[in-house]
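J.: Given only the sequences and the hints, what does the whole structure look like? Please build it.
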Amino acid sequence: MISLDFEDFWDNSPSGHLILSPDGRIVSANATIIGWLGHPRDALRQKYFADLLTTGGKIHYETHFVPLLRMTGTLEGVTVDMLASDGERLPMFLTANVKAATAESPELWRVTAVDASDRRAYERELLEQRRRAETEQERARAFAETLRRSLHPPLLSPPPGLDAADHYHTASADDVGGDFYDLFPLSPNTWGFFLGDVAGKGVDAAVVTSLTRYVLRSAAVFDEDPVRVLNNLNTVLNHQLGIAPHRLCTVVYGNLTPREDGFDVDLASAGHQPPLLLSGDGNAYFADTIGGQAVGMIEQPHFFSCRMHLGPGDTLVLYTDGLTEARVGPGIERYDDDGALLRFARELAPASASQVVDAIRALLTELGTGVEDDAAVLAFGVPRDGNAKAEAGF
Amino acid sequence: MLQTVDVVARNNIKTVGVEGAPVLLLAHGFGCDQKLWRPVVERLQSQSRIVLMDHVGAGASDPAAWDADKYSTLDAYSADVLDVVRELDLHDVVYVGHSVAAMIGTLAVIADPSRFAKLIMVTPSPRYINDGDYHGGFSEADIDELLDSIDANYLGWSHAMAPVIMGNPDRPDLHAELEETFCRTDPACARVFARATFLSDNRADLPHVRVPTLIIECTQDAIAPRTVGTFVQQQIPNSRLVTLDAMGHCPHVSDPAATASAIAAFASTP
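Listed in order, the protein sequences are those of chains A and B.
At position 43 of the first sequence the residue is numbered 47 (my numbering), and the sequence of numbers has no breaks.
At position 50 of the second sequence the residue is numbered 73 (my numbering), and the sequence of numbers has no breaks.
Think of the hints as simulated: they come from the structure by calculation, not from any bench.
Everything hinted at is true.
According to the in silico footprint, chain B covers these stretches of chain A (three or more CB under 8 Å from chain B):
hint	segment
1	16-28
2	59-73
3	79-90
All values derive from a computational prediction rather than experimental measurement.
By construction, the Cβ of each residue, glycine as well, lies at the ideal position given by its N, Cα and C atoms.
T.: This is the structure we're talking about:
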């Protein structure tokens, strides 16, 4: 039978071994760690283990490792730099556990140190790569954020006597959706508004979205008739070289003109979700624009137009399919599959623009990760006690 | 608009002990979380109402509340303490802060003394970096070294905890795991907290403390040396210094009996 030489194993083990008293002083250290550190054998006895660490490492040790060891009885693999007698830093991987006090012997801490030079070099490399990846991701996120901000207006400019509110829900922090909207003055007596969605997302979609936004604003100045505005947009998108044919765009464009106690609304829709009207008497219904074709698909698309009047208490709501197509539940069900949005609006009505936008913001929060695409909401309405024409100065 | 903060979730508030008894609010320092108070809590819960909190970024605080910019100074942690006492409507609070939480509490009791009866500082330091004649014990290079040490312990951490820090509300089991995982702090948060802690200078705040204050120091503390304990005591009017014959920077862990006695004795002094 082989006789086991435990003393030899203690001293000449490939790992460094230390026994500490609970005040952190070294009771015994094996030959391996003494050799690594280059101290004379007895120099380590009664020395504080923490004093063998770099100062920064000592803070980490005192604030994290010791409390952890005391509270749980084990320390599972932490990395420290130990200081050799010549000042060299030795990367070490430490594990430790506690030998509980008994009637015969006091509490002791068993500590094992493994040379971690190779491992640390490898970890540093990984850490460096990770930092680089995080920096890149942050750049991408900042880029997406800037791009996204450029696609919707920093400030809505509604006419006097009209309250407006908006909300943009970002589904992914590092991607750009194709939703866009605006509300802006066209002439002393007319305001334009639009809200739409370019198919797809990412930089390609953002380019088309940006183009669409600016074409709509300039086309509206040239000719404010909503159907002609959309036709002009279609012409530009069809002529724009380098835009993938599937980059179609659904959009609602409209004009607002003050009349009597509120505003006349002329609007046209290019295949977009129908606007919702929450009337002052507590009813809610969709504007009659269902159907129509998206912009950018064919040369002479058909657009639907309609006209309505917003009186005191009436609010018109435009939105994108990020809201209606939000996933609910684990299956293929979508939020608006069975008319949930209209029911939501009917419960809400009558409501001001900001009340509607607040409610939809809360709804989007509730739908949570089910909202897979960006969602834009633009609402405007005539305050119940307002007098649009008087306030606009006509 | 005034917004109600859900401090219970945000700061992982736990309340134990005797209903109606004097309130001890225990705040952890840099390193670990409220679990370090367990040995002290066991000794004090029969005679006190104990409220425990995790600072945002530590322990089982709400990951969604983390904001690296906001939590880069002690003011944010201090504002959270005030949120806690106000939202839980606590009065005559005896605030007990370990390490940097002592300074977080200092800022809180100065900002709103009406809520606090007493301040107990466990191994505090108002400034860790040496400054002229003032001996804090560290240089800025030491703090960089600490940040390196946090980074060096990053990889082993992130694998285990990645799903948890994603803040996955659909997976309560992950939250339970976080509760069970001892002393695991997101290194990204630990870095920010380390900088806020070790680069702060609250020496000028100390004379403005207006509540009776106890400073508890240890005979052997590599983080807050005894000269610092004396300095804090001299700077705070109406303060007392107790030196425990305890090892290290965490007397509530290394000698919970003595720490609990000192806290109880001071808290019950009229």
